[in-house]
Amino acid sequence: MQQIFNFIIRNSNRLLFLLLLGISLALTIQSHSFHKSRMISSANFISGGVYEKINNVNEYLNLRTENDELVLENARLKSLLFNKEDTTKAPMIDSIKGVKPADIIVSKVIHNTYSTHENYLTLNSGSKEGVKQDMGVINSLGIIGIVDNTSPNYSTVISILNMKSQINAKLKKSNHFGSLTWDGKSTGIVQLTDVPRLASVRKGDTIVTGGQSVIFPENINIGVIDKYFIDTKTTFYTINVKLFNDMTNLGHVYIIKSKGREELINLENKNKEKDE
Amino acid sequence: MNSALLVNIFRFIMLLAIQIVIFNNMNFLGYISPFPYILYIILYPVNSNRSGLIISSFLLGISMDMFCNSGGIHAAACVILAYYRPYIFKFSFGLSYEYQTIKLNESLTPERFSFILVSVLLHHIVLFVLEAFQFKFIWDILLRTLFSSVFTILISIIIIYLIKPNKR
Numbered sequence: 001m002q003q004i005f006n007f008i009i010r011n012s013n014r015l016l017f018l019l020l021l022g023i024s025l026a027l028t029i030q031s032h033s034f035h036k037s038r039m040i041s042s043a044n045f046i047s048g049g050v051y052e053k054i055n056n057v058n059e060y061l062n063l064r065t066e067n068d069e070l071v072l073e074n075a076r077l078k079s080l081l082f083n084k085e086d087t088t089k090a091p092m093i094d095s096i097k098g099v100k101p102a103d104i105i106v107s108k109v110i111h112n113t114y115s116t117h118e119n120y121l122t123l124n125s126g127s128k129e130g131v132k133q134d135m136g137v138i139n140s141l142g143i144i145g146i147v148d149n150t151s152p153n154y155s156t157v158i159s160i161l162n163m164k165s166q167i168n169a170k171l172k173k174s175n176h177f178g179s180l181t182w183d184g185k186s187t188g189i190v191q192l193t194d195v196p197r198l199a200s201v202r203k204g205d206t207i208v209t210g211g212q213s214v215i216f217p218e219n220i221n222i223g224v225i226d227k228y229f230i231d232t233k234t235t236f237y238t239i240n241v242k243l244f245n246d247m248t249n250l251g252h253v254y255i256i257k258s259k260g261r262e263e264l265i266n267l268e269n270k271n272k273e274k275d276e
Numbered sequence: 001m002n003s004a005l006l007v008n009i010f011r012f013i014m015l016l017a018i019q020i021v022i023f024n025n026m027n028f029l030g031y032i033s034p035f036p037y038i039l040y041i042i043l044y045p046v047n048s049n050r051s052g053l054i055i056s057s058f059l060l061g062i063s064m065d066m067f068c069n070s071g072g073i074h075a076a077a078c079v080i081l082a083y084y085r086p087y088i089f090k091f092s093f094g095l096s097y098e099y100q101t102i103k104l105n106e107s108l109t110p111e112r113f114s115f116i117l118v119s120v121l122l123h124h125i126v127l128f129v130l131e132a133f134q135f136k137f138i139w140d141i142l143l144r145t146l147f148s149s150v151f152t153i154l155i156s157i158i159i160i161y162l163i164k165p166n167k168r
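Order-wise, the sequence lines are chains A and B. If you read the first sequence in full-length UniProt numbering, its first letter stands for residue 1, the second for the next number, and so on. If you read the second sequence in full-length UniProt numbering, its first letter stands for residue 1, the second for the next number, and so on.
Hints are computed from structural coordinates only; laboratory data are not their basis. Hints may be right or wrong, so weigh each one.
To be verified - Label-pair ranges, simulated between beta-carbon atoms:
(1) B:91 to A:70: 53 to 59 Å
(2) A:14 to B:146: 52 to 58 Å
(3) B:59 to A:236: 23 to 29 Å
(4) A:234 to B:94: 53 to 59 Å
(5) A:46 to B:154: 28 to 34 Å
(6) B:87 to A:230: 37 to 43 Å
Unchecked claim - A few chain B positions that, by computed beta-carbon distances, are all more than 10 Å from chain A:
(7) 6
(8) 8
(9) 20
(10) 21
(11) 33
(12) 55
(13) 80
(14) 109
(15) 114
(16) 125
(17) 130
(18) 137
As the list claims (entries may be wrong) - A partial selection of chain B residues facing chain A, derived with a Cβ cut-off under 7 Å:
(19) 58
(20) 71
(21) 75
(22) 84
(23) 86
(24) 129
(25) 132
Computed from a prediction, not measured in an experiment: that's the story for all the values here. By construction, the Cβ of each residue, glycine as well, lies at the ideal position given by its N, Cα and C atoms.
Make a model of the complete structure from these sequences and hints.
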């Protein structure tokens, strides 16, 4: 017994070091595995609060670009409004509900990283406003990411510039779909993989979200094709997609609350239970 | 004795704040992101409590992780740097460093520079290896370590001599 105590006292520093190193490595490994709620994230009131204060200052510096974006969006909406095809026809109220079964929460990016391989955003709305894990985040130009963690007032988002993120996407004109990933190199370009060779791919084609995911509604803009090549191993296309969004400069975003989501997830879970 | 503790707490908070507000937003060319917050570990008094250093470094790293959404990579890198600091002292200042009173914030001698260099390199290599976690990115890791280290060292030396206590 005496010897055990002596050993502990003699090696207290080493044991302390190993303990703390173990904790931090465990946290690191846990954070690298996909879709586990991380214990340490910036969706808490200390770091969220600090980031909100910093963002209040930064916002003034970006007012001009934010305004430009709003003006553009306004112009687009106005043109939609004025160019309605047939104004005498009674508006079809039903179709609006049917086409977009989604609610939208307006939120603001208060912290943004884009320099690492696994990038996260912090938003200033959380579970109080109804934000939940796995909701999609977009802005007027295109998709941004998927909600990861939430606290009462803040939430973190896995950006599309994160090597863990995988989003279902398709070619706008032909419905061939693939999964959208990032290779960790450029902040303006993401990769669309596993597109079958049957698809006719041309430079400049638009890529939009596919209907297979329960996270994003269909047909939300992502980017245009920049370059494409055939993977020699799998004979699928790998397409470099140039994003519409400048991921290094984000302001207001919309969080999408998909209405059919819970029903769909329940249904899929039932199927899984049957298989087991 | 107490004033040293106060100075350390003050340094801890100030360096963390500066890191989060200013240096975390720096990202030249996608490669260079300096981390001068590790000055806390570098400037920690030489002969004071070692377990205190290890624990406070862990706290420093875990708070950085909280702000960067990075799991535990800063904590791991800081703890490793804190634990191996005496060995780096031995490497840079020779065997008998414990009997000298080393003050880092005086004129920049080769020994002091080599101490800062080795510490920063150790911290950054651990940090970027844990961040990428795959050997696919070995060149990326080396480039980031190299560029970021240069900038961290530059900024650290500037900070050390900016806040040098006045002797007059």
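Each hint tested on the structure:
A hinted range of 53 to 59 Å for the beta carbons of residue 91 of chain B and residue 70 of chain A is consistent with their spacing of about 57 Å. Take residue 14 of chain A and residue 146 of chain B: their Cβ atoms lie about 31 Å apart, and the range 52 to 58 Å is violated. A beta carbon spacing of about 47 Å between residue 59 of chain B and residue 236 of chain A contradicts the range 23 to 29 Å that was offered as a hint. Residue 234 of chain A and residue 94 of chain B have their C-beta atoms about 58 Å apart, which keeps the hinted 53 to 59 Å range intact.
Between residue 46 of chain A and residue 154 of chain B the beta carbons are some 30 Å apart, a value that agrees with the proposed interval 28 to 34 Å. A beta carbon spacing of about 52 Å between residue 87 of chain B and residue 230 of chain A contradicts the range 37 to 43 Å that was offered as a hint. With a closest Cβ-Cβ approach of about 22 Å to chain A, residue 6 of chain B is found to remain outside the 10 Å limit, as its non-interface label requires. With a minimum CB-CB distance of about 18 Å to chain A, residue 8 of chain B clears the 10 Å threshold, and the non-interface call stands.
The beta carbon of residue 20 of chain B sits about 7 Å from the closest Cβ of chain A, which is not more than 10 Å, so the claim that it is off the interface is violated. Distance to chain A contradicts residue 21 of chain B as a non-interface residue, since its nearest Cβ pair spans about 6 Å, not more than 10 Å. Not every Cβ of chain A is farther than 10 Å from the Cβ of residue 33 of chain B; the closest lies at roughly 5 Å, contradicting the non-interface assignment. In this structure residue 55 of chain B is not separated from chain A by more than 10 Å, as the shortest Cβ-Cβ distance comes to only about 7 Å.
With a least CB separation of 7 Å from chain A, residue 80 of chain B falls inside the 10 Å interface cut-off, contrary to its annotation. Residue-level check passed: residue 109 of chain B sits 28 Å from the nearest beta carbon of chain A, beyond 10 Å. Taking the minimum C-beta to C-beta distance to chain A, about 23 Å, the non-interface status of residue 114 of chain B holds against the 10 Å cut. With a minimum CB-CB distance of about 15 Å to chain A, residue 125 of chain B clears the 10 Å threshold, and the non-interface call stands.
Distance check for residue 130 of chain B against chain A: the nearest CB is about 5 Å away, which does not clear 10 Å, and the non-interface claim fails. The claim that residue 137 of chain B lies off the interface is violated: its Cβ sits roughly 7 Å from the closest Cβ of chain A, which falls inside the 10 Å cut-off. Satisfaction of the interface hint for residue 58 of chain B is found here, the shortest Cβ-Cβ separation to chain A being roughly 4 Å, below the 7 Å cut-off. The interface hint given for residue 71 of chain B is met, as the beta carbon of that residue sits about 3 Å from the closest beta carbon of chain A, less than 7 Å.
A distance limit of 7 Å between C-beta atoms decides the matter here; for residue 75 of chain B the minimum to chain A is near 4 Å, and the interface restraint holds. Hint on residue 84 of chain B is violated. Least Cβ distance to chain A is approximately 9 Å, over the 7 Å limit. At its closest, the beta carbon of residue 86 of chain B sits 10 Å from a beta carbon of chain A; the interface hint therefore is violated under the 7 Å criterion. At about 10 Å, the closest approach between the beta carbon of residue 129 of chain B and any beta carbon in chain A exceeds 7 Å, and the interface hint on this residue is violated.
About 6 Å separates the beta-carbon of residue 132 of chain B from the nearest beta-carbon of chain A, less than 7 Å, and the hint is met.
In this structure, the hints that do not hold are numbers 2, 3, 6, 9, 10, 11, 12, 13, 17, 18, 22, 23 and 24, in rising order.
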